[in-house]
Amino acid sequence: MGVAFVFLAFVAIFAGIMCFMKNYRKIQLDIPAPNALPIIGHAHLMIGLNNEEQLKLITELCFLYPNLVKVWFLHIMGIIVNSPELIQKVFNSDVCMEKPYIAYKLFNLDNGLLSSRYPKWKHDRRFFNNSFKISTLQSFIPIFIQTADKLTNEIASFVDGNSFNILDYTIRCTLKMICSTSLGMNISDAENDETFNKVFHAVDTSETVAMLQNKPLVYPDTIFKLTPRYYENKRQGQYLKDFHQRIIDERREILKNNNNCDEKDLGYNIFIDHILNNEGMFSDEDIQHHVITVLSAGYETSATATAHCILFLAQHQNVQNRMVEEINEVYATDDEITFESLGKLQYMDRVIKETLRVAPVGPVIFREAMDDFEIEQGLVIPKGTTFVLNIFALHRRRDIWGEKADLFNPDHFLPENVAKRHPCSYIPFSTGRRNCIGHRYAMISMKIILLKLLKTYKFSTELNFDDLRFKAVLTLKLIGEHAVSIVNRY
Numbered sequence: 023m024g025v026a027f028v029f030l031a032f033v034a035i036f037a038g039i040m041c042f043m044k045n046y047r048k049i050q051l052d053i054p055a056p057n058a059l060p061i062i063g064h065a066h067l068m069i070g071l072n073n074e075e076q077l078k079l080i081t082e083l084c085f086l087y088p089n090l091v092k093v094w095f096l097h098i099m100g101i102i103v104n105s106p107e108l109i110q111k112v113f114n115s116d117v118c119m120e121k122p123y124i125a126y127k128l129f130n131l132d133n134g135l136l137s138s139r140y141p142k143w144k145h146d147r148r149f150f151n152n153s154f155k156i157s158t159l160q161s162f163i164p165i166f167i168q169t170a171d172k173l174t175n176e177i178a179s180f181v182d183g184n185s186f187n188i189l190d191y192t193i194r195c196t197l198k199m200i201c202s203t204s205l206g207m208n209i210s211d212a213e214n215d216e217t218f219n220k221v222f223h224a225v226d227t228s229e230t231v232a233m234l235q236n237k238p239l240v241y242p243d244t245i246f247k248l249t250p251r252y253y254e255n256k257r258q259g260q261y262l263k264d265f266h267q268r269i270i271d272e273r274r275e276i277l278k279n280n281n282n283c284d285e286k287d288l289g290y291n292i293f294i295d296h297i298l299n300n301e302g303m304f305s306d307e308d309i310q311h312h313v314i315t316v317l318s319a320g321y322e323t324s325a326t327a328t329a330h331c332i333l334f335l336a337q338h339q340n341v342q343n344r345m346v347e348e349i350n351e352v353y354a355t356d357d358e359i360t361f362e363s364l365g366k367l368q369y370m371d372r373v374i375k376e377t378l379r380v381a382p383v384g385p386v387i388f389r390e391a392m393d394d395f396e397i398e399q400g401l402v403i404p405k406g407t408t409f410v411l412n413i414f415a416l417h418r419r420r421d422i423w424g425e426k427a428d429l430f431n432p433d434h435f436l437p438e439n440v441a442k443r444h445p446c447s448y449i450p451f452s453t454g455r456r457n458c459i460g461h462r463y464a465m466i467s468m469k470i471i472l473l474k475l476l477k478t479y480k481f482s483t484e485l486n487f488d489d490l491r492f493k494a495v496l497t498l499k500l501i502g503e504h505a506v507s508i509v510n511r512y
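For the sequence shown, my numbering gives the first residue as 23, with consecutive numbering after it.
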């Protein structure tokens, strides 16, 4: 036993030294960094911290080092990019379009838009842009309205009653929206599908992410695969893939029989039809990964952002009242909800943008240098280096947003205030060519949900804005429930 322990310790030390030497050039970069320990680098700063504490730590580092800061652990090296000018340079560069495997390996979706390698992403993104153009999104508005109406009715039982977690309901709403638009499902079919209702409760990778964040020694696949969490993650992933494969097979059969798929209705440009009508361009695995990515990346982010917004409105009654006034002005006589009328809700635009500033759903994003990259004059970043962008910290910089950057203030997005800021000061949907393909989809669906809810209910809460706490687990999550109460508005 003693000999085996000594041998394993020797192997671990040797592996650590080899990782250190492999990254020696990166570690020696003339970039400021917190104090590091030999071999393990900055691991001692993160180990033992929970997800909330880790977010606070990396945010404090961004405030302490306003341009660049390097952090490393064994074989993992990252440069946190903090200034809007450098963010623009990195994330708009052709050299930095790759996404690092280490940051997205948990998704197991190597062929999806979220985590595919750059050459494949470039081809696929150009192809799928057609499924997210304005004319296609306009055709979704009746479904958004129908689904938002169902949400409004679902929470009616809480009127004049106890508080409830609005996120539980926005998640179901946005999930039905994605399935009924981009995936071509019938809303009633989705609501009555038992598998549909169970699968997203069963599949939650956040615990796995939390483990990897708190135990960085399991990052290497060879070690991660020895943990029980790996097999649980794999089992859940297979369950998810089986569910999505059923969606694909059923839609493929509908298209084959040409039933209920009038191109003038939702038609050829919806995501799943677009890909299935061009199957020669994609493998079966490609199709499955793309469908999983669109659904999984779309519904939770929109639902969380909407729940954040409703909670913030409940905490800021003056903002809520002003939103309702604008809604009543634009829809004075119950005018039809159209793309054009939604565009008139300029104050709502500012409220949603401020929500995404204070609580960006994707708080941290990553890129990888595909070649040596000169980020500043004389400072060349080696190929393979990971760039980290902490959007949560960027959106709270006092030198950009003022001394009250932590407060909720939609006037941050008045045109005259926007004009004063660098365009990369606010990037809730990432930036550059590899930004979120569904950002316009999200904005339209959120507007319709908020419009329907605010016309019907007045929201309040006992939660104080200053007391809200967040953690970063894949997406930014509120610690605790989005607990709100409602009364009928009229």
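Derived by calculation from the structure, the hints in this document are not laboratory data. Keep in mind it's a predicted model, so treat the numbers as computed, not measured. Be aware that one or more of the hints could be misleading.
In silico DSSO-like cross-links for lysine-lysine, where the CA-CA straight-line distance does not exceed 30 Å [claimed, not checked]:
hint, residue 1, residue 2
1, Lys-499, Lys-426
2, Lys-144, Lys-375
3, Lys-172, Lys-480
4, Lys-142, Lys-172
Computed spacing ranges between beta-carbons, pair by pair [stated by the list, open to error]:
hint, residue 1, residue 2, range
5, Ser-157, His-66, 20 to 28 Å
6, Gln-160, Asn-457, 20 to 28 Å
7, Asp-393, Asn-184, 32 to 40 Å
8, Pro-56, Asn-350, 49 to 57 Å
9, Asp-393, Glu-82, 25 to 33 Å
10, Asp-116, Asp-306, 25 to 33 Å
11, Asp-488, Gly-183, 43 to 51 Å
12, Asn-343, Asp-489, 20 to 28 Å
13, Tyr-140, Pro-56, 24 to 32 Å
14, Arg-148, Arg-274, 19 to 27 Å
15, Met-303, Asp-116, 18 to 26 Å
16, Ser-305, Ala-178, 29 to 37 Å
Virtual Cβ for every residue (Gly too), placed ideally from N, Cα, C.
Quick rundown of the hints versus the structure:
1. Restraint check for Lys-499 and Lys-426: satisfied, since their Cα atoms lie roughly 22 Å apart, inside the 30 Å limit.
2. About 28 Å separates the Cα atoms of Lys-144 and Lys-375, which keeps this hinted pair within 30 Å; it holds.
3. As the CA atoms of Lys-172 and Lys-480 are separated by approximately 17 Å, the hinted pair is consistent with the 30 Å bound.
4. With a C-alpha separation of about 39 Å, the suggested pairing of Lys-142 with Lys-172 is violated against the 30 Å cut-off.
5. With their beta carbons about 54 Å apart, Ser-157 and His-66 fall outside the hinted range of 20 to 28 Å.
6. Judged by the Cβ atoms, the range 20 to 28 Å given for Gln-160 and Asn-457 holds: they are separated by roughly 21 Å.
7. Between Asp-393 and Asn-184 the Cβ separation comes to about 58 Å, which falls outside the hinted range of 32 to 40 Å.
8. For the hinted restraint 49 to 57 Å between Pro-56 and Asn-350, the CB-CB distance of approximately 52 Å keeps it satisfied.
9. In this structure the supplied range 25 to 33 Å holds for Asp-393 paired with Glu-82, their Cβ-Cβ distance being about 32 Å.
10. Range check, Asp-116 to Asp-306: Cβ separation about 31 Å, and the 25 to 33 Å hint holds.
11. Checked against the hint of 43 to 51 Å, the C-beta distance between Asp-488 and Gly-183 comes to roughly 26 Å, which is inconsistent with it.
12. For the hinted restraint 20 to 28 Å between Asn-343 and Asp-489, the CB-CB distance of approximately 23 Å keeps it satisfied.
13. Taken as a hint, the range 24 to 32 Å holds for the pair Tyr-140 and Pro-56, whose Cβ atoms sit roughly 31 Å apart.
14. For the hinted restraint 19 to 27 Å between Arg-148 and Arg-274, the CB-CB distance of approximately 23 Å keeps it satisfied.
15. Between Met-303 and Asp-116, the C-beta spacing of about 24 Å keeps the proposed range 18 to 26 Å intact.
16. Range check, Ser-305 to Ala-178: Cβ separation about 46 Å, and the 29 to 37 Å hint is violated.
Comparing the model with each earlier hint shows violations of hints 4, 5, 7, 11, 16; every other hint is respected.
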